[in-house]
Structure formats: C-alpha cells, structure tokens
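So the sequence lines, in the order shown, correspond to chains A and B.
In terms of my numbering, the first sequence opens at residue 1 and continues consecutively.
In terms of my numbering, the second sequence opens at residue 1 and continues consecutively.
Treat the hints as calculated values from the structure; they're not laboratory data.
One should not assume that every hint holds.
Stated by the list, open to error - With a cut-off of at most 20 angstroms between alpha-carbon atoms, the simulated PhoX-like pairs for lysine-lysine come out as follows:
1. A:K265 x A:K306
2. B:K185 x A:K361
3. A:K367 x B:K5
Letter by letter, the chains look like this.
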Amino acid sequence: MSEIIRLEHIWKRFTGVTALSDVSVSFSSGEVHALVGENGAGKSTLIKVLLGAYQPTEGRIFYEGKETVIESPRKGSELGIEGVHQELMLVPYLSVSQNIFLNREIRKGKIFDVKEMNRRSQELLHDFSIDIDVTKPVKQYSASIWKMIDIARVINQNPKVIIFDEPTAILSEREVDSLFSSIRRLKEKGIAIIYISHRLNEIGEIADKVTVLRDGHHIGTLPASELCNDDIVKMMVGRDVSQYYSRSRVERGEELIRLDSLELKKGQHDISLSVHKGEIVGLAGLVGAGRTEVAEAILGINPILKGSITYKGKPFHPASPSQSIKKGIYLVPENRKYQGLILRFTVANNIALSVFSRWAKFFYKGKKEATVAENAIRKLSIKTPSSKQLVNNLSGGNQQKVVIAKALETSAEFLIFDEPSVGVDVGAKEEIHNHMDSFVVAGGGILMISSDLPEVVGMCDRVYVMYEGRIVKELKGDEVTDNNIAEYMLGSKVAEAGI
Amino acid sequence: MNKEKAYSLFFEKGLYRIMILVVMCVLLTCISDSFLSLSNIMNIFRQASILLILAVGATGTILAKGIDLSLAGVMSLSGCVCGYVLNAGYPVPVAILAALSVGIGFGFVNGFLVGVVKIPAFVSTYGVKYIANGLALMLMGSNIFFGFPESFLFLGVGFLGPVPVLVIWALIITAIMYVFLERSKFGHQIYCVGANSTAAFYSGISTLRTYFMVHVISSTCAAIAGILQASRMNAAQAGMGESFQMLAVASIVIGGTSMAGGEGNVIGGILGALILTLITNGMNLLNISSQAQPLVTGAVIVLAVFLDVQMKHIEGKKAVKAAIA
Numbered sequence: 001m002s003e004i005i006r007l008e009h010i011w012k013r014f015t016g017v018t019a020l021s022d023v024s025v026s027f028s029s030g031e032v033h034a035l036v037g038e039n040g041a042g043k044s045t046l047i048k049v050l051l052g053a054y055q056p057t058e059g060r061i062f063y064e065g066k067e068t069v070i071e072s073p074r075k076g077s078e079l080g081i082e083g084v085h086q087e088l089m090l091v092p093y094l095s096v097s098q099n100i101f102l103n104r105e106i107r108k109g110k111i112f113d114v115k116e117m118n119r120r121s122q123e124l125l126h127d128f129s130i131d132i133d134v135t136k137p138v139k140q141y142s143a144s145i146w147k148m149i150d151i152a153r154v155i156n157q158n159p160k161v162i163i164f165d166e167p168t169a170i171l172s173e174r175e176v177d178s179l180f181s182s183i184r185r186l187k188e189k190g191i192a193i194i195y196i197s198h199r200l201n202e203i204g205e206i207a208d209k210v211t212v213l214r215d216g217h218h219i220g221t222l223p224a225s226e227l228c229n230d231d232i233v234k235m236m237v238g239r240d241v242s243q244y245y246s247r248s249r250v251e252r253g254e255e256l257i258r259l260d261s262l263e264l265k266k267g268q269h270d271i272s273l274s275v276h277k278g279e280i281v282g283l284a285g286l287v288g289a290g291r292t293e294v295a296e297a298i299l300g301i302n303p304i305l306k307g308s309i310t311y312k313g314k315p316f317h318p319a320s321p322s323q324s325i326k327k328g329i330y331l332v333p334e335n336r337k338y339q340g341l342i343l344r345f346t347v348a349n350n351i352a353l354s355v356f357s358r359w360a361k362f363f364y365k366g367k368k369e370a371t372v373a374e375n376a377i378r379k380l381s382i383k384t385p386s387s388k389q390l391v392n393n394l395s396g397g398n399q400q401k402v403v404i405a406k407a408l409e410t411s412a413e414f415l416i417f418d419e420p421s422v423g424v425d426v427g428a429k430e431e432i433h434n435h436m437d438s439f440v441v442a443g444g445g446i447l448m449i450s451s452d453l454p455e456v457v458g459m460c461d462r463v464y465v466m467y468e469g470r471i472v473k474e475l476k477g478d479e480v481t482d483n484n485i486a487e488y489m490l491g492s493k494v495a496e497a498g499i
Numbered sequence: 001m002n003k004e005k006a007y008s009l010f011f012e013k014g015l016y017r018i019m020i021l022v023v024m025c026v027l028l029t030c031i032s033d034s035f036l037s038l039s040n041i042m043n044i045f046r047q048a049s050i051l052l053i054l055a056v057g058a059t060g061t062i063l064a065k066g067i068d069l070s071l072a073g074v075m076s077l078s079g080c081v082c083g084y085v086l087n088a089g090y091p092v093p094v095a096i097l098a099a100l101s102v103g104i105g106f107g108f109v110n111g112f113l114v115g116v117v118k119i120p121a122f123v124s125t126y127g128v129k130y131i132a133n134g135l136a137l138m139l140m141g142s143n144i145f146f147g148f149p150e151s152f153l154f155l156g157v158g159f160l161g162p163v164p165v166l167v168i169w170a171l172i173i174t175a176i177m178y179v180f181l182e183r184s185k186f187g188h189q190i191y192c193v194g195a196n197s198t199a200a201f202y203s204g205i206s207t208l209r210t211y212f213m214v215h216v217i218s219s220t221c222a223a224i225a226g227i228l229q230a231s232r233m234n235a236a237q238a239g240m241g242e243s244f245q246m247l248a249v250a251s252i253v254i255g256g257t258s259m260a261g262g263e264g265n266v267i268g269g270i271l272g273a274l275i276l277t278l279i280t281n282g283m284n285l286l287n288i289s290s291q292a293q294p295l296v297t298g299a300v301i302v303l304a305v306f307l308d309v310q311m312k313h314i315e316g317k318k319a320v321k322a323a324i325a
C-alpha cells in the first residue's frame with residue numbers, strides 16, 4: 001500500500017473560527033480510511049481542502065509524493081480526487097445514464113453514443129445489484145437509488161481517491177451491503193477511499209484505518225482492528241460516554257393522549273395508541289409504514305377519516321398545527337431543514353418561530369426574541385457564535401437542538417419526535433436524549449418515531465410497532481428488545497400470529 | 001457607530017440605494033436648472049405618490065413569495081366604480097366605500113386562489129387582472145366619466161399649506177405599511193411564510209391567513225390608488241391603472257425585495273418608486289422624446305437589479321467567510 005496523499009500541518013481559519021488546527025494525516029491507495037468526529041469537528045473542512053473547495057490557511061499537501069496546490073475542485077478532479085457528497089447531486093430530469101456520463105459523454109464522431117453510455121451505465125449499476133431502466137429520468141427513482149447512481153457516476157470517472165461523505169444515511173441494509181462490496185472491489189483496484197460516517201458499526205466493518213478529529217484537532221489515527229466502538233466514541237467526545245442511553249426513573253402519570261382506531265387514508269387504519277405523562281413511547285416500523293402520517297394527523301396536517309383522539313381527557317379534533325400547538329402538542333419533524341427550520345433566518349428567529357405571535361397582540365418583540373434565544377442557547381448548549389448566526393451555518397446536531405428549543409419554548413406537554421437523531425453526531429445525540437428525558441421527568445409525554453432500533457430500545461418505556469399502515473403490536477417492559485421490534489416491523493411475526 | 005453596523009446598514013439594509021437617488025438628483029441638478037425648483041420637487045412627489053401606494057401595498061405579496069399582477073386591474077375597476085357612483089349622483093363617501101369594497105373583495109378572491117385553491121400567484125393574479133379589467137370595460141364601455149365634485153377632487157389635487165394632499169395620503173399609507181410589515185408580528189409572519197412556508201406552517205403560523213392578509217392589503221391599496229388617480233385626473237375610464245402594473249412590481253424589486261420570498265423591506269420599495277419617478281421626471285426635463293423613454297426606463301431597471309445582485313454577491317462572500325465549515 002503506497003501513500004497517495006499526505007497533509008502536513010494543515011490549518012484552516014475562518015473569521016473568528018479555527019476549523020482545522022495543525023492536522024497531519026496521510027491516505028494510502030488500496031485502503032479504506034475512516035474519518036470520524038462530531039459535527040463541527042472539522043471533517044467537512046478537511047474534505048473540502050482535499051477536494052480543492054477550500055484552500056488551507058497554512059500547511060502543505062503532497063499528492064503522489066509531489067507538493068501540490070489543489071486550487072479548485074476542477075484541479076482536484078483532474079488529479080483524480082472525487083467526492084460522493086451528502087446531498088444528492090443529480091439532475092432530476094436527465095436520464096440515469098445522462099447523469100452518470102454528464103460532461104463525460106462518450107462520442108461516436110461528433111454525436112453522443114447513447115447506446116454505449118446506456119450499456120456502461122447498466123453495467124456500473126449492476127455491480128450494486130441495481131437493475132433499473134437507465135433511460136428513464138432519475139426523478140422517478142427513490143433517494144437511495146439516487147445515491148447509488150451518484151456513486152456510480154463518481155466511480156465511472158476512474159478516480160484515484162474517492163471521498164464518501166455519509167453515504168449510507170439513506171440506504172437500506174441490503175443497499176449498504178452492496179455498497180460495501182463495491183467499496184471492497186474499489187479497494188482491490190488500488191483506489192484510496194476516505195469514508196465518513198456517524199454509524200460506528202459500519203466503520204468496524206469496512207475501514208482499515210480510523211482518523212478521529214475533535215474541534216479541528218487531529219486526535220489520532222489507528223488501525224481499525226485495534227479499536228472498538230467505545231474507544232472511538234471516547235476519542236470523539238473526549239470523555240467517557242458510559243451509557244449510550246440513560247433514562248431517569250419516572251412514575252407513569254395520567255393519560256395524556258389516546259388515539260382510538262384512527263383511519264388516515266387507504267391502508268392506514270386500526271391505529272390505536274396512548275401516551276401517559278412521564279412516558280417516552282416509541283413508534284417503530286419501516287420507512288413507509290405510516291409512522292410520520294400518524295404524527296402529522298395528530299398535528300392536524302393530514303385529515304383523519306375515522307376514529308377519535310382524546311387529549312387530556314377531552315375529545316380532540318386536530319385542525320391545523322397552529323391549533324394543536326396552542327393546546328400543547330408539538331412535532332419535531334423528520335426533515336429539519338425543510339419542515340423544522342427557516343435556514344436563511346437567524347438562530348433567534350428560528351427559536352422564536354412558534355411563539356413570537358403569542359407575545360403581543362400586534363407588535364413583533366425583537367428584543368424579547370433575542371433574550372429568549374440567548375437563554376435557550378445556554379440551556380441546550382447550542383454551539384453558535386451568536387443568536388444572530390444564520391441557522392444554515394450550524395452543524396446538523398446544533399440545528400436539531402434549535403428545533404428542540406423551538407418545541408420547548410411553546411411549553412408543550414406532549415412532544416412528538418420524528419427521527420430525532422438522524423444526521424446527528426454521538427455527543428449531540430446524547431444531549432438530545434437527555435433533553436427528552438428531562439422533559440418527561442418534568443411531567444411531559446413523548447411519542448418518538450425512530451428507525452434506530454438501539455435508540456428505541458434504549459429510550460422507550462413502551463413501543464408500538466407499525467407494519468403496513470397498522471399498529472400490529474404493543475411491547476412493554478422486557479418485551480422491548482431489538483429482536484421483538486424487528487420481527488414485528490418486518491412482518492414475520494405478523495403473518496405468524498395472523499394479526 | 002461601529003464599522004460592522006455601518007456595513008450592515010449600507011449593504012444588508014440596502015442604503016446604497018439612497019446614494020443612487022442622491023447621485024441622480026445631483027446629476028439632474030447639474031443638467032437642468034428647473035430640477036431643484038419647489039414646483040418640480042412637489043411634482044415629483046405627486047407623481048411618485050400613486051406608484052408608492054401601489055408598491056408598498058404589494059410588497060407583502062412578494063415577501064410571501066408570491067406576486068400581485070392584478071393590481072392594475074383592481075386599480076382601474078375601483079377608479080371606474082368610484083367615478084360611476086359619483087356620476088350617478090351619490091355622495092363622495094359612498095363612492096369611496098364602493099371602490100374600497102371592490103379592492104377588499106378582489107383581495108379575498110386572490111387570497112382564496114393562492115391560499116386555498118393553491119394556484120401559483122403568478123398565474124392566478126394574472127387571470128384576476130383580466131377579470132377586473134373586463135368588469136371595468138363592461139361597466140364603462142369606451143366612456144370617460146369626468147366632472148367630479150370639488151370635495152372629491154380635493155383628495156387628489158388639493159393642497160394642505162404647501163403640501164399636496166396626494167403626498168400626505170402616500171406618506172400615511174407608507175407609514176402604516178412600514179409599521180405593519182416591519183414592526184408587527186403579522187409582518188414577521190409574512191417574512192416567515194415567504195422564506196419557508198412549510199416550516200412556518202409546522203411551527204403554527206397560519207399560512208392561509210397570511211396569504212389572505214397580503215392580498216387583501218395589496219388590493220385595498222390598489223383601490224386607494226384607483227380612487228386617487230380618478231380624483232387627480234378628474235376622470236375615470238377602463239384601463240386607467242394599466243401603466244402602473246409593472247412599475248409597481250419594478251419599484252419593489254429595485255428596492256431589493258427578493259422574488260424568492262422572505263427578504264426585503266418597505267424602505268427599499270419607497271426608494272425604488274422614487275428612483276423610477278426621478279427617471280421619468282429627468283427625461284421630461286431633458287426633453288427626451290416619449291418614444292425613447294421606455295427604453296431608458298427598461299435599461300435602468302435592469303441596471304438596478306444587476307447592482308443589487310452584485311451587492312448581494314459581496315455580502316454573500318462575507319457570509320461564506322464567516323461561516324463555520
């Protein structure tokens with residue numbers, strides 16, 4: 001294994017912030033090198049330096065032994081450094097093969113050789129065991145297929161270094177398996193792979209080496225075989241995370257909300273559940289099982305066709321989020337960038353978003369907004385230079401904390417969390433869980449939707465499992481285990497029991 | 001004032017537009033002797049007044065990521081209804097109330113189409129403009145109504161001391177809109193809905209009410225503009241508001257209010273309207289033929305928006321530098 005790229009004493013400073021301080025690390029061909037760290041640790045900056053999107057303030061880069069300045073992403077691409085980005089970077093209306101060969105079209109004379117491009121695209125995707133019609137526009141396909149197409153596009157450029165930025169965040173287990181086998185194939189071909197992920201289990205499975213960053217500092221680089229997850233976590237957060245999930249003992253209080261055989265839309269019926277004060281209740285199920293729809297029905301976003309809701313002992317007919325919020329119900333939505341936050345507004349604007357209208361009959365209280373925001377920033381330890389920072393500039397974990405601050409400001413009694421820790425690093429995840437815990441200790445109730453089974457098992461008192469639009473099982477106490485939930489949500493137990 | 005605050009005021013709040021205005025005034029003073037005369041300055045303010053009322057009224061629709069393309073139609077129809085009722089011999093307040101109800105009614109129609117039926121504002125308000133114009137034509141045919149009572153004419157051509165009444169109307173409405181959009185919670189809700197209607201909705205802001213609000217305000221201001229135009233001209237006819245439509249939208253956009261929603265302010269719209277009026281006034285003073293005037297106006301609009309984009313670019317670069325990677 002030979003070294004292909006080496007960073008020496010790299011510093012990157014922005015006005016007021018040092019994103020990288022004295023980072024030296026080298027990457028080798030034929031090796032999967034994982035880069036881990038909390039959000040804001042400097043991973044993204046490091047990648048951008050490698051790809052040529054940022055210039056280091058100080059330090060030197062050696063590429064294939066020669067000192068090199070990667071002055072632009074274009075130069076990076078010419079050198080053979082490519083990235084698979086977190087965001088989906090495809091043109092929706094172009095076909096799969098047009099996307100894969102965008103700007104690198106194969107020509108026969110002066111015209112495009114469409115047949116050859118289609119054939120090659122099919123081949124590339126076949127490696128991921130994806131057989132789709134490559135002549136159809138990509139907008140027809142799901143997000144996980146987009147990701148695979150994007151990866152195929154990058155591989156097709158025959159790079160020497162590929163940077164994967166959280167490639168598996170939206171992939172199913174089967175897709176992750178085929179991604180990993182193709183990463184192994186790339187490795188055998190001698191390509192250097194830089195792999196970023198928050199899922200530590202994956203790192204143990206795929207990585208040869210692990211580099212840990214914290215607050216812009218290089219904490220260490222070690223062979224993956226010498227590290228267990230706990231070691232990595234310790235290095236990332238700089239302290240012991242003794243227990244991933246800690247819950248306080250809370251006496252279960254009176255019933256807060258009860259859904260009685262709700263029917264939402266075709267195929268979504270028999271939805272009955274209850275949440276008591278002092279409880280965190282899980283709603284597990286596969287993506288598409290109808291969990292988010294239940295949350296949105298309680299908020300009054302989706303209509304309820306049949307059935308009834310009782311909230312604090314009285315019949316409740318959700319009409320709109322504004323009414324539900326007034327009654328003390330709040331949803332921390334699944335897609336924080338789209339449903340939770342106004343990205344180009346400040347942290348203070350966002351924290352006050354759901355409450356500023358309550359403060360006065362007519363006037364908008366800018367000063368009150370600032371004070372409320374400062375308090376919330378302190379209480380939830382949101383990492384931001386000031387309350388006037390744009391939310392867009394915050395890391396994922398801190399953005400999620402802003403959404404939670406928004407929820408807490410409404411003095412809600414019943415919170416629904418839809419995937420509370422997606423795209424959030426270990427440290428922030430723990431903090432978010434602590435906030436959930438103290439919320440129920442203070443007498444609130446939580447309904448938590450999550451696809452992260454350890455999170456469901458670790459956090460919830462009871463769990464309802466949804467399968468194809470129905471709640472098929474309620475699990476209590478000792479029954480709440482990974483295995484039980486998985487069996488019901490995958491439907492294997494459902495068929496057996498004839499539910 | 002520290003450097004950062006001055007910077008923010010100049011670029012982010014768009015105060016450089018005032019400089020454009022000042023530069024234009026200085027140039028016109030140098031070129032033409034009559035520019036700085038009191039009568040000409042009052043004339044400019046009078047000319048700007050109606051445009052100003054339309055522009056500040058419609059600012060909310062653009063802030064909410066929509067647009068109001070019906071305002072010229074509503075203005076014409078309201079002016080015509082006002083003239084029609086006056087000619088039928090009813091007292092002035094009745095005529096004004098009738099015209100205002102036309103405006104409010106069309107505001108609800110627009111709000112309904114955008115908020116409930118969810119037709120994009122660009123299309124729905126464009127259609128509504130034709131409906132309003134059609135109604136005005138049916139009401140008036142090709143007639144011009146004129147010879148309105150003195151008390152009505154006072155609204156548009158009268159003076160209070162040295163100040164034209166028309167200018168006072170414009171100042172009052174601008175002040176109300178400034179307080180409403182930039183100091184009230186309703187105004188802040190409009191900004192939120194424009195910047196991300198989904199997040200605003202999930203956060204408990206009534207997007208539907210917001211759409212109704214901005215359209216009722218815009219159409220009501222258009223109706224006021226129609227009444228004042230009828231009074232100022234001492235005449236009402238179908239199509240009387242037509243020339244104001246794109247000027248009003250251009251004033252808002254030149255003023256830095258973003259078509260992408262959630263960004264902009266009332267002061268910018270005022271400056272935009274003044275800049276556009278100054279151009280016309282300057283061209284008249286310079287005896288530029290009326291055939292050539294649209295060309296100059298068009299060029300200035302493009303130039304102004306280009307400048308704005310450049311300024312945002314500078315601002316954006318600064319923001320990127322400040323951002324944590």
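Each hint tested on the structure:
Note on K265 of chain A and K306 of chain A: the hinted pairing holds, with a Cα-Cα distance of about 9 angstroms set against a maximum of 20 angstroms. Note on K185 of chain B and K361 of chain A: the hinted pairing holds, with a Cα-Cα distance of about 8 angstroms set against a maximum of 20 angstroms. Distance check on the hinted pair: K367 of chain A and K5 of chain B sit about 17 angstroms apart at the alpha-carbon level, within 20 angstroms; holds.
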